[in-house]
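Participant: As a plain string of letters, each chain reads:
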Amino acid sequence: MSEIRIITGNEAAALAVTLCEPKVVAAYPITPQTKISELLSMYVETGTLKAEYVRVESEHSALTVLISASTVGARVFTATSSNGLLYMHEQLHWAAGSRLPIVMCCVNRGVGAPWSIFNDQQDSMSQRDTGWIQLYCRDNQEIIDTVIQAYRIAEQVYIPTMVCYDGFVLSHTMMPVEIPEAAQVKNFLPPYRPHTFLDPERPRTINPVFFPWRRENAEGVLCDGYMEMRYKLQRDFDTSLEVIEDVNVQYTDLFGRNYGGLIWEYQTGDADIFVTGMGSIAQEATLAVDALREEGIKIGVVGIRSFRPFPKEKLIHAFSRARIIIVFQKAISYGNEGGLSTEVKAALYGSGIDAPVHDYIAGLGGRDVKTRELIAAIRDTLERSGGGDCKNKTTWLNCHRG
Amino acid sequence: MIKQDENISGICTPAIGEAGKTGDWSDVKPAIDHSKCTPAVKGKAACFLCWLYCPEGVVHMTIPVQIDLDYCKGCGICAEECPPNAITMVRKEDMNE
Ligand code: SF4
Ligand code: SF4
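Residue numbers (this note's numbering), protein chains in the order written: chain Y, 38 to 439; chain A, 6 to 102.
Be careful, since some hints might not be right.
[What the hints assert, rightly or not] Just a few of them, taken from the derived set where beta-carbon distance is under 10 Å, the chain A residues facing chain Y:
#1 Pro19
#2 Ile21
#3 Ala36
#4 Ile37
#5 Ser40
#6 Pro44
Don't read these hints as lab results, they were simulated from the structure. Positions of the beta carbon are idealized from the N, C-alpha and C atoms, including for glycine.
With the hints as extra help, turn the sequences into a complete structure.
Facilitator: In structure tokens, the structure reads:
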């Protein structure tokens, strides 16, 4: 029998990591992630987790330690937030380019300046093009299950994977969580096999200069150029779409919990109005949908779990009957609009779906987003849509613009 | 048929000149006049300042001194440092060998 405990999102993440038995953990404390690294260092000290815990002086070093450890064949873990993630930026690219299946929790927090310790998703969304898979969680149960899935996904496609969840809203909020059984996790997660075995008997040079063209190396073997290496990463991102779905199916079979893989849907059966978003705000939207459905409005939620790879085909299918799409997001792409709205619009381009996509920026720097405020925003959108005034307008929810 | 490398990351076997024969980048090459070069003149290990200063590690501490021109980038540092001026930099097209 698996055990149910009432724990925070950070405890859920730390327990999931322990179950996956990484060999090396390196992290630098930053709110609201700190509790994960505290717990993991305690687990290592008490022998619950048989891993090496490397104390580092920065997030850049934390990820660098993991890049080395993962290269020599160790399963690894780190966690960070906000400016800590930004400080890793260079090494995010390095980990992905080296095709290392590192798993990291990004406990989403607003980015400074000015300082904020509170939640939004500007940190991870601004790392979109670093070559990491990004999965967003709704609740603490999904955190524990997604971290376990993340290792399986990352190690299958050799792409590092970020498990993102909202700071404080999930990281510091207690919820009942079913803890998967260790034996079952072992069953689900085969040992990590690096793509290249390093052996002192067969020395290797790692990441030397790559040239614009393909060329033969000193042994007469034709090696790819820089552009081919980039292509291979993108090709394997395409494969990861399927892998994320498969892993979800296998997880559901074994543990009985289904997260929908790339996207999840709520009350979409007869819906023609769709709300979409990532993480806890999308979960909050399900409550708004419950209330609006009582008034007979045919509305549902499509939650985006995988931001990278972006599930274009899945969304086209999910939105096939859409009359109106409303995107609530906790990030802004300065000079344009909410980045998630741009992605959704691009996914639908040429699909024949011409529903207006309404762009809402909400909850930046921890600004509270209540269900009733989402309901009011949805009502307002429906009224505006009636008048045809809707396209390409960004609304800042609960923000004084006077 | 050329063997194709299937790596998904940039990993290769260490070898001299992983990027090919880098000596072809240069326009000039060092030519040693062994009648002036100290080790050759004295017939014993001496000087070898060219070996010490060469940034490419292509000078061999032999008697006479030898330079691996396949990987020499023609920077001329050895010629600049040589005390008896035994090295001259010559344009590649003017080289005899
Ligand atoms: S020219 Fe430069 S690279 Fe060539 S041998 Fe002299 S010092 Fe070395
Ligand atoms: S520096 Fe000049 S003299 Fe000295 S070993 Fe080299 S070539 Fe000969």
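Participant: Hint by hint, which ones does this structure get wrong, listed from lowest number up?
Facilitator: Of the numbered hints given earlier, those the structure breaks are 3, 4, 5, 6, listed in rising order.
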